[in-house]
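Trainee: Here's the letter readout for the chains.
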Amino acid sequence: DSGVTQTPKHLITATGQRVTLRCSPRSGDLSVYWYQQSLDQGLQFLIQYYNGEERAKGNILERFSAQQFPDLHSELNLSSLELGDSALYFCASSVSSYAGELFFGEGSRLTVL
Amino acid sequence: AQSVTQPDIHITVSEGASLELRCNYSYGATPYLFWYVQSPGQGLQLLLKYFSGDTLVQGIKGFEAEFKRSQSSFNLRKPSVHWSDAAEYFCAVAPKTSYDKVIFGPGTSLSVIP
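Chains as they are written, first to last, in this note's numbering: chain A, 1 to 113; chain B, 1001 to 1114.
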């Protein structure tokens, strides 16, 4: 158990819909990272937050947004969903904003029909 | 361009046999290096990491990796594979100044024959 909690574990929705994925980092970790894992793209970095502030952006679509709340949990919002958004979305956390070890949650599997 | 290559998409070994998974990277300067393992239905777990110093690093579950600067490689090894090692293995690199550009390799899927 990494200590990182992601909900929901599975989500099935239709194209055009909007979903929210939630992540609770390990106790004491200030950084939260979101990754997308798909068969064709591999593991892609989406966005990082550190202590409530956006720290880095990767290959995140404009239809996607995220935030980190004062209690340090984070939410990833995916809107206007397309078939290609079907993937496994991972949240990871770490103590600092750089270096060190990433602790991954078990992921949220999104299926868009 | 920064990249991580894992030449072997899939490897099958017999239980008890030795294992070596290859990882090569292309980076401006020597980055931090990591190996992660992903078991089916699970998130990624760190096996080991190299920051500096001794180029042979030990990790969890009996794994080790050797950093070779001249070859830009960071190969993962295990002397005797167990059936429970069947999983997906990812090599990753990160710059020494920030974690926003962690780059993961495409992964190597390991199957273990009993």
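These aren't lab readings, by the way, just hints derived from the structure by calculation. Any given hint could turn out to be false.
[Claimed, not checked] Derived DSSO-like pairs (lysine-lysine); straight-line CA-CA distance at most 27 Å: (1) B/Lys1068 to A/Lys9; (2) B/Lys1096 to B/Lys1049; (3) A/Lys57 to B/Lys1068; (4) B/Lys1068 to B/Lys1049.
Trainee: Now tell me, hint by hint, if it's right for this structure.
Mentor: Hint check:
1. B/Lys1068 to A/Lys9: Answer violated: lysine 1068 of chain B to lysine 9 of chain A is near 39 Å, above 27 Å.
2. B/Lys1096 to B/Lys1049: OK: lysine 1096 of chain B and lysine 1049 of chain B at ~13 Å, within 27 Å.
3. A/Lys57 to B/Lys1068: Judged against 27 Å, a Cα distance of about 30 Å means the pair is violated.
4. B/Lys1068 to B/Lys1049: 14 Å, holds
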